[in-house]
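Undergrad: Residue numbers (our numbering), protein chains in the order written: chain A, 1 to 280; chain B, 281 to 442; chain C, 443 to 1138.
Wrong hints could be hidden among the right ones.
Stated by the list, open to error - Taking lysine-lysine and the DSSO-like style, the derived pairs with C-alpha atoms no more than 27 Å apart in a straight line are:
1) A:K59 <-> A:K20
2) C:K786 <-> C:K804
3) C:K786 <-> B:K372
4) A:K92 <-> B:K372
5) B:K372 <-> C:K904
6) A:K59 <-> B:K334
7) C:K847 <-> A:K240
What the hints assert, rightly or not - Far from chain A, some chain C residues (derived; all Cβ distances over 10 Å):
8) G519
9) G687
10) K804
11) E1008
12) G1120
Source of the hints: derived by calculation from the structure; they are not laboratory data.
Treat the numbers as computed from the prediction; the structure is a model and nothing was measured.
Backbone N, C-alpha and C define an ideal beta-carbon position, used for all residues, glycine too.
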Amino acid sequence: MPEHDVFVPSGVVEILAVMKQHPDSLLVAGATSIMASATGRSAALSPVVVSLERAQELKAISRTDRFVEFGAMTTLSELLSLRKGTVPSILKERAAGIGTFTVRNLATLGGALSCATRFRDVFAPLACLDALAEFRTPQGSSWVNVNRLAGENGRPVIRPGSLLTRIRIPADEWDFAISRRYGLDGYESERNAVLSCVCRMNKHTISEIRIAEAGAELVRSREAETMLIGRKLPLAERDKDAALEAYAGRCAALGLSGVRTARFLGVLRTLFECLDRGEE
Amino acid sequence: MTVSFILNGEDVSAEAEAGERLSSLLSSRFGLRGARGDCLSGLCGRCIVLLGGKPVNSCLVPAFRVQGAEIVTIEGFGRTDDYRDIMAGFRKAGFEPCGFCDSARVLVASAIMEEDPRPDDSLIVERMSAISCRCTQPSALIAGVRAAAEIRERRVFGHAGA
Amino acid sequence: MKGRRSPANEPGLKLSDISFEGMVHVVTIRSPEPSGTMVGIDLPDLPRGYFSITAADIPGARYLPFGNAGIPVFAEGRVSYAGEPVALLAGQDESVLESLLARSTVRIEKTPWHADLESFSSERVASRRILERGDIDLAFSVASAIVEGEYRVGAQDHLYSEPQGAFCQFEYDKLLVRCATQWPSNVREAVSAVLGAGATEIIVRPTALGEHLDGKLWYPSLLACHAALAAMKCRKPALILLTRGEDFAFSPKRARALIRHRSALDPAGSLSAMDVRITLDTGAYAPLADELLARACVDACGAYDVPNVRIEGFAVRTNLPPLGAFAGLGSSQSFFAVETHVDKVARSLGADPRTWRADAPKRRIRPGRSRPLKPETDPFAAIALKLSETSDYARKYASYHLLAKRGAQPVEGPSRGIGFAYVHQGSGAFLTKSGNFEYRVEAVLDEDQRLTLRTGSVTGNKGTHDIWRATAAGILGIPAAPIVIDAEDSVDASGSGPSIFSSNIAIINKLVANACTTIRRKRSSNTPPHAASSMYRSLRPVPEPTYPVELPYDDLAFGGAVVEVEMDPWSFETRILGVWLCVDGGLIVSELQARRAMETGVINALSQSLYEQLDFPDGVPSTCLVDHPMIRLSEIPPIETHFIDSGVRVAAKGIGEIPFSCVPSALVQAISQASGIGCWTLPVSIDELCMRAAGP
Chain A
1 MPEHDVFVPS GVVEILAVMK QHPDSLLVAG ATSIMASATG RSAALSPVVV
51 SLERAQELKA ISRTDRFVEF GAMTTLSELL SLRKGTVPSI LKERAAGIGT
101 FTVRNLATLG GALSCATRFR DVFAPLACLD ALAEFRTPQG SSWVNVNRLA
151 GENGRPVIRP GSLLTRIRIP ADEWDFAISR RYGLDGYESE RNAVLSCVCR
201 MNKHTISEIR IAEAGAELVR SREAETMLIG RKLPLAERDK DAALEAYAGR
251 CAALGLSGVR TARFLGVLRT LFECLDRGEE
Chain B
281 MTVSFILNGE DVSAEAEAGE RLSSLLSSRF GLRGARGDCL SGLCGRCIVL
331 LGGKPVNSCL VPAFRVQGAE IVTIEGFGRT DDYRDIMAGF RKAGFEPCGF
381 CDSARVLVAS AIMEEDPRPD DSLIVERMSA ISCRCTQPSA LIAGVRAAAE
431 IRERRVFGHA GA
Chain C
443 MKGRRSPANE PGLKLSDISF EGMVHVVTIR SPEPSGTMVG IDLPDLPRGY
493 FSITAADIPG ARYLPFGNAG IPVFAEGRVS YAGEPVALLA GQDESVLESL
543 LARSTVRIEK TPWHADLESF SSERVASRRI LERGDIDLAF SVASAIVEGE
593 YRVGAQDHLY SEPQGAFCQF EYDKLLVRCA TQWPSNVREA VSAVLGAGAT
643 EIIVRPTALG EHLDGKLWYP SLLACHAALA AMKCRKPALI LLTRGEDFAF
693 SPKRARALIR HRSALDPAGS LSAMDVRITL DTGAYAPLAD ELLARACVDA
743 CGAYDVPNVR IEGFAVRTNL PPLGAFAGLG SSQSFFAVET HVDKVARSLG
793 ADPRTWRADA PKRRIRPGRS RPLKPETDPF AAIALKLSET SDYARKYASY
843 HLLAKRGAQP VEGPSRGIGF AYVHQGSGAF LTKSGNFEYR VEAVLDEDQR
893 LTLRTGSVTG NKGTHDIWRA TAAGILGIPA APIVIDAEDS VDASGSGPSI
943 FSSNIAIINK LVANACTTIR RKRSSNTPPH AASSMYRSLR PVPEPTYPVE
993 LPYDDLAFGG AVVEVEMDPW SFETRILGVW LCVDGGLIVS ELQARRAMET
1043 GVINALSQSL YEQLDFPDGV PSTCLVDHPM IRLSEIPPIE THFIDSGVRV
1093 AAKGIGEIPF SCVPSALVQA ISQASGIGCW TLPVSIDELC MRAAGP
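The following block holds chain A by itself, in its conformation from the complex (with noise of 0.2 Å):
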């Protein structure tokens, strides 16, 4: 029976101070992933595992006039039972798509962004809100804008040696605000991926516009976001068409499958009739 060391420490400073003396351990929240990845009786784990379960401190939900924000170890069912208006909708009906109850009574926020192998489903809300995610090592704490948690080929990057301890949301308002999953609900597949899109207008023009999509790879396109910011609703077929394109272009920078791109594409569309009507 291989042997572990399991740490259960009941702070950051603690969870630091571990992470500090054992480089390599392996930090776990849910353990969904892990557990869900492994085919036998038992996953295979780290030496050295610290269970971040214990720590209130990255239990904590807090919200003030310009955001919320939550521990890392937020269970995804906790997230769903707060009050509407607390959090976000999109995020919220992104959340309600992972897993079944079951899972979520398990699988954290933090968890959630800190998968290596894909983006879970709240990724894409997450980036269009401009969420910022807090880092925490032995040498400091940084703030970290979501969006920078894809690398230059779309894929999720990984902070090793780093503790994500909060996930901050602007409390900002949105006249238009809409996500969209494709592929089969709970379950995670590289046919799976989540649309998302904020909006502001002002008097039938865009004024900000951001979209996020995100599976096993993040797209955005600020060239197509930029081109659309001044263009008035419903949007000429042209600009659409412009913008498509250019999302196109993302896509093929990034290597993403034929498949995956039609649906993308074809998703996008839907988004801009949404758009058009005004419908979320």
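Go by the hints and put chains B and C onto chain A.
TA: Just chains B and C, lined up with the frame of chain A:
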């Protein structure tokens, strides 16, 4: 490692690998086979147990996470009044699961009634979607949970809601 | 045996419940390649108390009697599919076995593997069948129009309630076998042959079956042989229970099908000829290929009476796992193809497919044995009428057709489609000589008016027992609840047929009725206890090679389905809005049970049609369980089931396969109408629709 926890109301300990699934621990060390999941990925939901009162997929819980926790399996829950209410409700509605997903259905039904003593269909459907089984009978299942909730309400409060 | 119960001898036990001190677990060493010559097996040093079992340990037959050449208990020399068992490891500790298995390797010299249904060599043909009627060449030469289509049905996993497995234990001079099987007598025959023991030395007691979708027909026999060999070698009780992942990757699946239809139409738009070529992938060793192909060919023209017919069918061996039964054998693939094809035919004529179907001449039903219908009665007319009334099909079809015709824009919101399909279910026994079985029921009514029914037939759900009870209670005028149903040990059930084609209703329920009717007669003259038995023996094979104008089944039930969908015009995300099912199943003994069976069948048929894609790009599934979803409760649409009586309700008929044979085609037709893209493949691939819409 040695994991110590409360299992169906009793303090227990067992030797386990840190990454061993709770479902495996329950069946191999304690002979509790009511959690019948075998997908090992949280999809089928048949291995559901209550962890700290909340239903979770025991195949997704590593042994180290159980340290100091309180676990209730169908074998323990089967001794409660709530269990009898649920079984009576299932029987009343003619709901007959296949024999392999029954324990998960019962534990999820208990969680539904805990969440809302008078659950509506959408809550029942959403929560019962945690279990995937070829035997699904939606109409009887929904009727069964509603009947169980009424029976429970009558037992606890002496009357059933409108 | 009786009176002495080991922990593994309890009735109603689940295989996964079997666990006690001293028993060994068994794991399987498998071929890593789909095709090749086995060079050797490298095993780690086995600790004391751990054993390996190979073909050299088999004292008797090395093949199970399925397929043309049989199925090897262990691959020897050649391997024919990835995951084929080559040896076993047995020992007490499962985690030690896991570790030993991980360190075991099978050396294979690879050879090219085959899974192509487009072209295949003659040595890969496991069964061939040609059925002809009339002069097809003449009919095509004078046809007003010709409609062609190609329809594909993919392999699918049963995802039954419990993975496959078996347990064996020697008790005195007998071997007790426990497994979840639809066919206990087959388990017994296989184990006795492999051990070289007399059949009476083997006792088979089935464990709980759960929902099986006909996935537990013959494979439990193979695993029972494995468990028996392990029990013999280790001299201990032995349990083999596949992991779900292992079962998903290597156990039998539904046979894949490629069906090409070419139809000639006369000037009135009626079918004057059908030329159908069926290729079934029966996987490695092609178990049950004859029966599968016979059913597929007999049902190739579905409900329709066509004067000139040519059906050519092939069952082909490939290097995929053995493929075969899945909620029936062969017919559902043919129904998918023919119903999707007639939809295409009707649309090519600009006709409403339902109206076209209703007007088309139907095949006759064999008089006498099948049902006492008047010859002119068309059971489908009543089904079509009921479905139209309840689903509002005609209005919806016309409306969606109009929208599609005038080129509805995506801006108008989701598009909708509606589909319609007919089906019949031939129940009873096998059509081919491979199925000369008998089924038997014994009934005993004691002096306290307690009735016991004994049968070797097993059932996956309690509802079937309730139906038998209700039938017996109705005849004898006794309460249903106390009636005892006792499964026979297979020691007395030699040659008993499998529980398939709804035989528990179509055959066993009739035998229950016959036995109880005999008891009712005896009751007035004799003293109790009253005993009676009733037996059914299949009357096969069907005469060949002519095309059977009259459907050759013992009994027939009829059905139809309407499915309505809504689809996002750009992403093709599909939501099923409703399913309407209409069934003419003769006497419905328990409407509650029948309604539930239909509801569950519809749900599984929808799940398989829209979600459960299973491909074998390298000879093993491309997906693992994590991304192989089933439909979730929250995605299930409203389902309406109607039972109708188009004739005289004389007996209960098998209806269990009806949803699996008509819902998929109705769904695919609805998706084709909603998307404007012809959809000919099962399961439907939304990815493929997207790609086809996006163009080259």
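Undergrad: With reference to the structure, classify each hint as holding or not holding.
TA: Against the structure, the hints come out as follows:
1. With a C-alpha separation of about 22 Å, the suggested pairing of K59 of chain A with K20 of chain A holds against the 27 Å cut-off.
2. The suggested pairing of K786 of chain C with K804 of chain C holds, with an alpha-carbon distance near 18 Å, which does not exceed 27 Å.
3. The hinted pair formed by K786 of chain C and K372 of chain B fails the criterion: a straight-line CA distance of about 46 Å is larger than 27 Å.
4. A hinted pair counts as satisfied when its Cα atoms are at most 27 Å apart, and K92 of chain A with K372 of chain B does not qualify at roughly 36 Å.
5. Pair hint K372 of chain B plus K904 of chain C holds up; C-alpha atoms about 16 Å apart against a cutoff of 27 Å.
6. Using a Cα cut-off of 27 Å, the hinted pair K59 of chain A and K334 of chain B holds, with the two alpha carbons roughly 17 Å apart.
7. Between K847 of chain C and K240 of chain A the CA atoms are separated by roughly 25 Å; this keeps the pair inside 27 Å, and the hint holds.
8. At roughly 30 Å, the least C-beta separation between G519 of chain C and chain A is larger than 10 Å, which holds for a residue marked as non-interface.
9. Chain A draws G687 of chain C into its interface by the beta-carbon criterion, the shortest separation being 6 Å against a cut-off of 10 Å.
10. With a least beta-carbon separation of about 39 Å from chain A, K804 of chain C lies farther than 10 Å from that chain, consistent with its non-interface assignment.
11. With a closest Cβ-Cβ approach of about 13 Å to chain A, E1008 of chain C is found to remain outside the 10 Å limit, as its non-interface label requires.
12. With 10 Å as the threshold on Cβ separation, the claim that G1120 of chain C sits away from chain A holds: the shortest Cβ distance comes to roughly 18 Å.
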